[in-house]
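A.B. asks: Put together the whole structure using the sequences plus the hints.
Sequence order for the protein chains is D and Y. Using this note's numbering, the first residue of the first sequence is number 166, and each one after it goes up by one. Using this note's numbering, the first residue of the second sequence is number 8, and each one after it goes up by one.
Watch out, some of these pointers could steer you wrong.
[As the list claims (entries may be wrong)] For the chain Y half of the interface with chain D, some residues (derived, Cβ under 10 Å), not all of them:
#1 I29
#2 L39
#3 V49
#4 A50
#5 D54
#6 P55
#7 L58
#8 S63
To be clear, the hints were calculated from the coordinates, so they are not data collected in a lab. This one's a predicted model, so the numbers in the text were calculated from it and none came from an experiment. Heads up, the beta-carbon is just placed ideally off N, CA and C, and yes, glycines get one too.
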Amino acid sequence: MAKQINVALIGNPNTGKTSVFNALTGLNQKVGNYPGITVEKKEGICKLPRGVKAHIIDLPGTYSLNASSLDENVVIELLLNKNDKDFPDVAVVVSDVENLKRNLLLFTQIKDLEIPSILVINMSDRMAYKGISLDIDYLEQQLETKIALISTRKNKGIGELKELIANYKDLSTKPCLNASSIDEDYFNNLRKAFPNQLLYKLWLVITQDVNFGKTDRNTIDAVSDFKTKTKADLKRLQQKETIKRYQFINNTLKKGQTIDLASAKDLRVKLDRILTHKVWGYLIFGIILLTIFQAIYDWAQIPMELIDSAFASLSEWTKNTLPDGAFTSLIAEGIIPGLGGIVIFIPQIAFLFLFISILEESGYMSRVVFLMDRIMRRFGLSGKSVVPLISGTACAIPAIMATRNIESWKERLITILVTPFTTCSARLPVYLIIIELVIPEGRFLGLGYQPLTLMLLYLIGFGAAVGSAWILNKILKIRSKTFFVVEMPNYKLPLFKNVALTVLEKTKAFVFGAGKIILAISIILWFLASYGPGEQFNNADTIVTEQFASENLSEDELQQKIASHKLEHSFIGITGRAIEPAIRPLGYDWKIGIAIVSSFAAREVFVGTLATIYSVGSDEEETIKNRMAGEVNPILGGPLFNFASGISLLLFYAFAMQCMSTLAIVKRETNSWKWPMYQLVIMSAFAYLVALAAFQMLK
Amino acid sequence: MTLAELKRGQQGTIKDVSSIHIPLKLLEMGCLPGNSVELVQVAPFADPMYLNINGSHLAIRKETAVHIIIEVING
Numbered sequence: 166m167a168k169q170i171n172v173a174l175i176g177n178p179n180t181g182k183t184s185v186f187n188a189l190t191g192l193n194q195k196v197g198n199y200p201g202i203t204v205e206k207k208e209g210i211c212k213l214p215r216g217v218k219a220h221i222i223d224l225p226g227t228y229s230l231n232a233s234s235l236d237e238n239v240v241i242e243l244l245l246n247k248n249d250k251d252f253p254d255v256a257v258v259v260s261d262v263e264n265l266k267r268n269l270l271l272f273t274q275i276k277d278l279e280i281p282s283i284l285v286i287n288m289s290d291r292m293a294y295k296g297i298s299l300d301i302d303y304l305e306q307q308l309e310t311k312i313a314l315i316s317t318r319k320n321k322g323i324g325e326l327k328e329l330i331a332n333y334k335d336l337s338t339k340p341c342l343n344a345s346s347i348d349e350d351y352f353n354n355l356r357k358a359f360p361n362q363l364l365y366k367l368w369l370v371i372t373q374d375v376n377f378g379k380t381d382r383n384t385i386d387a388v389s390d391f392k393t394k395t396k397a398d399l400k401r402l403q404q405k406e407t408i409k410r411y412q413f414i415n416n417t418l419k420k421g422q423t424i425d426l427a428s429a430k431d432l433r434v435k436l437d438r439i440l441t442h443k444v445w446g447y448l449i450f451g452i453i454l455l456t457i458f459q460a461i462y463d464w465a466q467i468p469m470e471l472i473d474s475a476f477a478s479l480s481e482w483t484k485n486t487l488p489d490g491a492f493t494s495l496i497a498e499g500i501i502p503g504l505g506g507i508v509i510f511i512p513q514i515a516f517l518f519l520f521i522s523i524l525e526e527s528g529y530m531s532r533v534v535f536l537m538d539r540i541m542r543r544f545g546l547s548g549k550s551v552v553p554l555i556s557g558t559a560c561a562i563p564a565i566m567a568t569r570n571i572e573s574w575k576e577r578l579i580t581i582l583v584t585p586f587t588t589c590s591a592r593l594p595v596y597l598i599i600i601e602l603v604i605p606e607g608r609f610l611g612l613g614y615q616p617l618t619l620m621l622l623y624l625i626g627f628g629a630a631v632g633s634a635w636i637l638n639k640i641l642k643i644r645s646k647t648f649f650v651v652e653m654p655n656y657k658l659p660l661f662k663n664v665a666l667t668v669l670e671k672t673k674a675f676v677f678g679a680g681k682i683i684l685a686i687s688i689i690l691w692f693l694a695s696y697g698p699g700e701q702f703n704n705a706d707t708i709v710t711e712q713f714a715s716e717n718l719s720e721d722e723l724q725q726k727i728a729s730h731k732l733e734h735s736f737i738g739i740t741g742r743a744i745e746p747a748i749r750p751l752g753y754d755w756k757i758g759i760a761i762v763s764s765f766a767a768r769e770v771f772v773g774t775l776a777t778i779y780s781v782g783s784d785e786e787e788t789i790k791n792r793m794a795g796e797v798n799p800i801l802g803g804p805l806f807n808f809a810s811g812i813s814l815l816l817f818y819a820f821a822m823q824c825m826s827t828l829a830i831v832k833r834e835t836n837s838w839k840w841p842m843y844q845l846v847i848m849s850a851f852a853y854l855v856a857l858a859a860f861q862m863l864k
Numbered sequence: 008m009t010l011a012e013l014k015r016g017q018q019g020t021i022k023d024v025s026s027i028h029i030p031l032k033l034l035e036m037g038c039l040p041g042n043s044v045e046l047v048q049v050a051p052f053a054d055p056m057y058l059n060i061n062g063s064h065l066a067i068r069k070e071t072a073v074h075i076i077i078e079v080i081n082g
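C.D. replies: Below you can see the structure in the form of structure tokens.
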């Protein structure tokens with residue numbers, strides 16, 4: 166069998182590169198990370214004609230090989246390192262027919278690295294609409310390449326592209342631009358110092374701050390008779406290079422592309438007159454957000470109730486079917502309720518990811534950046550901080566990674582620090598169950614109290630994020646240059662396949678990522694709750710029976726008393742009661758305390774933990790919600806989860822920093838433990854105080 | 008005049024860019040002398056500015072726009 170062809174997909178953002186990737190690989194793809202960094206690595210397998218297989222990497226989108234972010238570094242690091250196992254045999258450069266001129270800049274740079282390259286011109290279905298016609302033969306000749314004119318939307322040209330990839334050996338590796346023409350003297354010196362190296366590659370090594378393996382910057386600096394230039398000089402040369410490339414591209418397109426402006430239509434400008442309008446723009450944005458929250462709440466209810474009762478019956482069934490013993494009760498009382506606590510939130514999390522990916526795919530997210538920049542700047546943030554803050558409603562981890570395209574370090578740092586305040590999907594399970602328990606069902610102006618409470622919690626999260634940003638902006642003394650460039654891409658109807666794959670991928674990552682932690686914690690908790698030291702636990706049967714001997718209790722009631730006595734004197738009960746004094750002023754009992762402590766690993770553990778604690782020793786088939794509703798406050802009497810303690814819990818979860826993965830990501834992105842530690846201590850202390858105040862005022 | 012003074016709907020030609028103050032990324036997106044520029048939309052307080060530079064639709068802040076010298080063609 167022939168060896169796999171390594172294919173790298175490269176292109177500007179918004180060219181439909183991911184659609185091309187999805188069209189080539191379908192479901193044969195996996196998402197991982199580049200070793201040591203948190204940049205997402207997407208790769209897949211594509212079957213080519215004549216039984217050849219291609220290994221395809223979807224590289225992060227970039228406007229050029231001059232990297233300005235970690236994601237973009239990945240692209241040049243791969244293209245400059247011939248020894249990398251993923252080094253491409255062929256580069257597939259994806260461009261958008263409407264932005265061909267700008268997209269070709271990157272193409273000419275890749276050509277100059279003498280890597281065999283195919284130019285994909287995507288969105289060809291838009292040509293007639295835009296009045297564009299192309300002379301493909303002429304362009305292929307001028308650019309020394311093969312062109313695939315495709316439309317991922319209409320599923321056209323993919324077969325031809327596969328054919329071209331299979332025949333990559335026929336591609337020319339002639340460069341587009343003579344690198345020496347940037348600065349003759351300088352490049353002649355370079356050539357003399359490094360006779361065996363490709364000039365353009367050397368130039369990139371000199372101008373970029375990335376790690377290139379053997380020929381890194383230091384070896385260049387170490388050659389004594391060769392001097393690199395000052396930063397300002399280098400930048401001037403980079404500008405000259407850009408101008409030269411555009412001259413070449415303009416000359417090529419003058420003959421190769423004709424645009425009939427008379428027949429061109431531009432929906433973008435017309436839509437943007439409304440969508441980015443001073444008044445309508447904000448109003449529409451508000452309505453979109455409101456719709457999303459109402460939808461998440463209403464639409465997900467039915468599948469959630471089904472899942473909840475399904476897990477309750479599964480647990481019951483396991484208990485009745487498997488032989489009695491420790492193992493059965495571990496499964497029925499530890500693992501199943503623990504996992505049920507997370508599976509139940511799949512519908513909502515999937516909806517949330519669905520909406521976010523539609524906003525991104527359609528191009529609307531850039532308009533939000535534009536609308537919000539001025540307002541956000543007042544709080545020391547950037548318009549680009551809106552994207553992390555909105556995607557933070559799904560999960561803070563990708564959100565913090567999404568801060569990378571914020572150009573100013575100060576704005577970026579503040580965004581990273583405040584993003585964990587936004588209501589992530591892991592808080593959702595906690596919010597939903599408590600709202601169900603303590604907020605009445607009525608409606609106000611057609612909107613239910615419960616969804617309104619949820620909306621309010623989201624607003625509190627954003628408010629806390631923005632407010633703390635404002636404070637941080639005053640405190641932090643960091644001077645950094647602010648550059649702000651946002652592309653406003655054309656509006657596109659989101660492709661079903663792209664959206665579906667994103668939702669599937671993200672939901673899977675969330676469930677399995679959280680699932681592992683929850684499974685481990687459920688097992689530990691079950692052990693701690695099922696065993697205990699000393700007389701009180703081991704002789705619970707006799708102690709309780711004697712204690713209640715005078716009261717005529719039924720067998721069932723007695724069993725309940727025994728179970729709760731055991732739980733109280735188990736390892737977990739002892740620990741819980743030890744911390745109870747600290748949380749009692751907040752309106753919680755020791756069981757909630759345990760749930761809070763275990764949720765410092767991850768918030769969504771809360772529900773699973775309570776489910777595990779409450780189901781240990783209970784025989785009845787019950788949903789988590791009903792068990793919680795039945796809990797009684799040991800001191801004050803009445804339901805444990807009432808309005809005051811419910812609100813107190815909601816606020817605690819809104820502000821506390823309870824996610825180890827987020828802390829780890831913040832450490833990686835800020836390169837120091839200082840910032841995540843500040844987050845942990847300050848956010849959690851604030852949460853405690855607010856929860857305390859809320860309970861004391863409401864009780 | 009500078010790009011920051013351009014009015015909505017007006018078109019101009021870029022005359023000069025101060026390369027120290029302008030990110031390379033903006034140059035690469037087509038903000039180079041000789042290219043056309045049009046103001047499509049402004050956010051409240053006229054900042055940021057939504058531009059069409061040589062066919063690229065992008066938004067930049069006013070503080071960057073003052074470093075780009077232009078000549079108005081019409082409007």
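A.B. asks: Against the structure, test the hints numbered earlier, and report the numbers of the ones violated in rising order.
C.D. replies: Those not satisfied: there are none.
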